[in-house]
Amino acid sequence: MIDTRYQVETPEGIELQADLAGPVSRVLAYAVDILIRQAVTLLVLLLLVFLGEAGWGLWLLLSFVLEWFYPVLFEVFHSGQTPGKKMMGIQVVNDDLTPVTFSTSTVRNLLRFADFMPFAYLFGIASMVCHPEFKRLGDLAAGTLVIYRKQAPVQAALPASDPLPLNRKLDLEEQVAIISFTERHQQISRERQQELAEIIGESFGQRTEKAVGFLQGVGIWLLGGR
Amino acid sequence: MRQQDFEHRYGPVWQQIEAVVDPASGVELEAVGSGRIAEALPELYSQLCHHLALAKHRRYSGSLINRLNALSMRAHHHLYRHNHRYEHVFLKFLLEAFPAALHRNARFVWIALACFLLPALLMWALCFTQQDMIFSLMDPGQVRGFEAMYEPGNHAIGRERGSETDLMMFGFYIKNNIGISFRTFAGGILFGLGSLFFLIYNGLFIGAAAGHISHVGYQETFFPFVIGHGAFELTAIVFSGAAGLMLGWALIDPGGYTRLVALREAGREAATIILGSALMLLVAAFLEAFWSSHAGVPAPVKYTVGTFFWVLVIAYCTLLGRVRGES
Chain A
55 MIDTRYQVET PEGIELQADL AGPVSRVLAY AVDILIRQAV TLLVLLLLVF LGEAGWGLWL
115 LLSFVLEWFY PVLFEVFHSG QTPGKKMMGI QVVNDDLTPV TFSTSTVRNL LRFADFMPFA
175 YLFGIASMVC HPEFKRLGDL AAGTLVIYRK QAPVQAALPA SDPLPLNRKL DLEEQVAIIS
235 FTERHQQISR ERQQELAEII GESFGQRTEK AVGFLQGVGI WLLGGR
Chain B
194 MRQQDFEHRY GPVWQQIEAV VDPASGVELE AVGSGRIAEA LPELYSQLCH HLALAKHRRY
254 SGSLINRLNA LSMRAHHHLY RHNHRYEHVF LKFLLEAFPA ALHRNARFVW IALACFLLPA
314 LLMWALCFTQ QDMIFSLMDP GQVRGFEAMY EPGNHAIGRE RGSETDLMMF GFYIKNNIGI
374 SFRTFAGGIL FGLGSLFFLI YNGLFIGAAA GHISHVGYQE TFFPFVIGHG AFELTAIVFS
434 GAAGLMLGWA LIDPGGYTRL VALREAGREA ATIILGSALM LLVAAFLEAF WSSHAGVPAP
494 VKYTVGTFFW VLVIAYCTLL GRVRGES
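So the protein lines, in turn, are chains A and B. The opening position of the first sequence corresponds to residue 55 in the working numbering, with each subsequent residue numbered one higher. The opening position of the second sequence corresponds to residue 194 in the working numbering, with each subsequent residue numbered one higher.
Don't read these hints as lab results, they were simulated from the structure. Quick caveat: nothing in here was measured; it's all calculated off a predicted structure. Check the hints yourself; a few may be wrong.
[Unchecked claim] In silico BS3-like cross-links for lysine-lysine, where the CA-CA straight-line distance does not exceed 25 Å:
| # | chain 1 | residue 1 | chain 2 | residue 2 |
| --- | --- | --- | --- | --- |
| 1 | B | Lys249 | A | Lys223 |
| 2 | A | Lys204 | A | Lys140 |
| 3 | A | Lys264 | A | Lys223 |
| 4 | B | Lys495 | A | Lys204 |
[What the hints assert, rightly or not] A partial selection of chain A residues facing chain B, derived with a Cβ cut-off under 8 Å:
| # | residue |
| --- | --- |
| 5 | Gly67 |
| 6 | Thr95 |
| 7 | Leu97 |
| 8 | Val98 |
| 9 | Leu102 |
| 10 | Phe104 |
| 11 | Ala108 |
| 12 | Gly111 |
| 13 | Thr160 |
| 14 | Pro213 |
| 15 | Ser215 |
| 16 | Pro219 |
| 17 | Leu226 |
| 18 | Val230 |
| 19 | Ala231 |
[Said to hold, decoys possible] To be clear about the criterion: a stretch of chain B counts as covered by chain A if any three or more of its residues have a C-beta under 8 Å from a C-beta of chain A, and this derived list gives those stretches:
| # | segment |
| --- | --- |
| 20 | 263-273 |
| 21 | 378-389 |
Don't be surprised by glycine CBs; every beta carbon is placed ideally from N, CA and C.
With the hints as constraints, model all of the structure from the sequences given.
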């Protein structure tokens, strides 16, 4: 089964969940990074060329740092995100979902060379596509993952219905279904809501167009509205 | 407890955590200073974990669980980031971690040394005795190029050159040599083959160059030049090869672990070694650019200092880092 959920149990006894980033967003992030790197090297070259040989020396130093340590420095000091990754909303973390450290980031980025082999990141992409957690060779050796950076979800406004107490006992599955139906009223189209409400409403004897309002009322009541 | 009561009761706790882990979020801290809340974070975080577990158990809605999960994730990152503020990381690395890692993985260092040294000695002997041997490895243009570099009459190496050129060469050595070392390491993940290739290739090449230079009789410019920085450069290349071989061996013979776990463990050790050899190459590049090329220094001084560097490097690798391992 293809599942991009990744779970880790923390010492506190809870399970943290993360969504793994797939090859496409990672390749795009890399493309952005390489553009930035090339642009910087070129710009600096234009400036330093006036300094003669000393300028060349500085440029060589800089291009060395950009080639090998650009991702390391960003990942360590910028919470796992190079500019490209930031743009794609993804982030590098250790296997246990702790922030990436200098040594793990170094290993995963130095091994880029092996991932690049034999050309155009063939090994890296092959490994990413085959691995259930989308790891390239560098990630395998370093024990790192690329995940989507979670934004705290915006709390959706509840529909403006009055709570509607039911005098019938609902089992857990029913409660969960009705509550999530209520909470997702802005994400589902009106017609689809009507369809769904008719299916669920059937067991309450509600088949008409009032079914949506009825379920929302029950949902708000279940959530604790009074 | 209904979900809304739950949110209502514990919302303030979540907001305080949000204010600590994400100061930019705009959440206002309560009257207490942020410093005190930051101190209370471990306590708040364990409450949050409890809330998340409760919310999952009680099947509260997905949006609440997502919100709590995202928040715990950020607090988790906040709490578990590595804090080295109070340790002398750099000194500790140089005096303990790096040499100790070399000792723990001595067998890889010896293998890498053999893979580098044997081809080098072989090629040295062949090129020293046979004039044409060098052309099996380099094309005539290359040979002419480096012959010209070390020709005693030409003073290309010995000329007093400007500090600007020194700086340029420094940049070049950094980019070139450390690049070679990193590639030698990275190739190791392909079951060690990449590291073996780079070690043997560099061994052959360096041995051939040294042998040929001796053959044509330019020793007195070549060896004073290379002896100083060679101490750091050649050993560092061997070390990065050893780091690569560790990765490869973890895949070939993972011992009692799965291949992935063995690879990750080897990667942790290898990271120490590769960073150490990068530092050594930094020293080497500095010496090569500013000391080895310096013409004002007579050859005997260079030999003496060079020998001192070799003794220093060998003493560093053999004496340090074994105290704890053997106790």
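Chain B contact restraint on valine 230/A - CB to CB distance below 8 Å = Holds, because the Cβ-Cβ distance from valine 230/A to chain B comes to roughly 5 Å (cut-off 8 Å).
Assess, step by step, whether the Cα of lysine 264/A is no farther than 25 Å from the Cα of lysine 223/A, and give holds or violated.
-> Status holds; Cα separation ~21 Å.
Closer than 8 Å between Cβ atoms is the bar; does phenylalanine 104/A clear it against chain B? Give me holds or violated.
-> 13 Å, violated
Is it true that the CA of lysine 249/B sits at most 25 Å from the CA of lysine 223/A?
-> 21 Å, holds
Pairwise hint evaluation, lysine 140/A against lysine 204/A, where the allowed Cα distance is 25 Å at most | 12 Å, holds
Was the hint right that glycine 111/A lines chain B, CB cutoff 8 Å?
-> Holds - the Cβ of glycine 111/A comes within 8 Å of chain B, reaching about 4 Å at its closest.
Restraint outcome when alanine 231/A is required to lie within 8 Å of chain B by C-beta distance = Not OK, violated: alanine 231/A not within 8 Å of chain B, min 10 Å.
Would you settle whether the hint for alanine 108/A is holds or violated, based on the nearest Cβ-Cβ distance to chain B being less than 8 Å?
-> 4 Å, holds
Annotated coverage of the segment 378-389 of chain B by chain A, confirmed only when three residues or more have a Cβ within 8 Å = holds (count 7)
Return the status of the interface hint for proline 213/A: holds when the least beta-carbon distance to chain B is below 8 Å, violated otherwise.
-> Not OK, violated: proline 213/A not within 8 Å of chain B, min 14 Å.
Quick one, is the valine 98/A hint okay against chain B at 8 Å, beta carbons?
-> With a closest approach of 12 Å, the valine 98/A hint is violated.
Minimum Cβ distance from threonine 95/A to chain B below 8 Å?
-> 12 Å, violated
This entry does not satisfy hints 4, 6, 7, 8, 9, 10, 14, 15, 16 and 19, going by the numbered hints stated previously.
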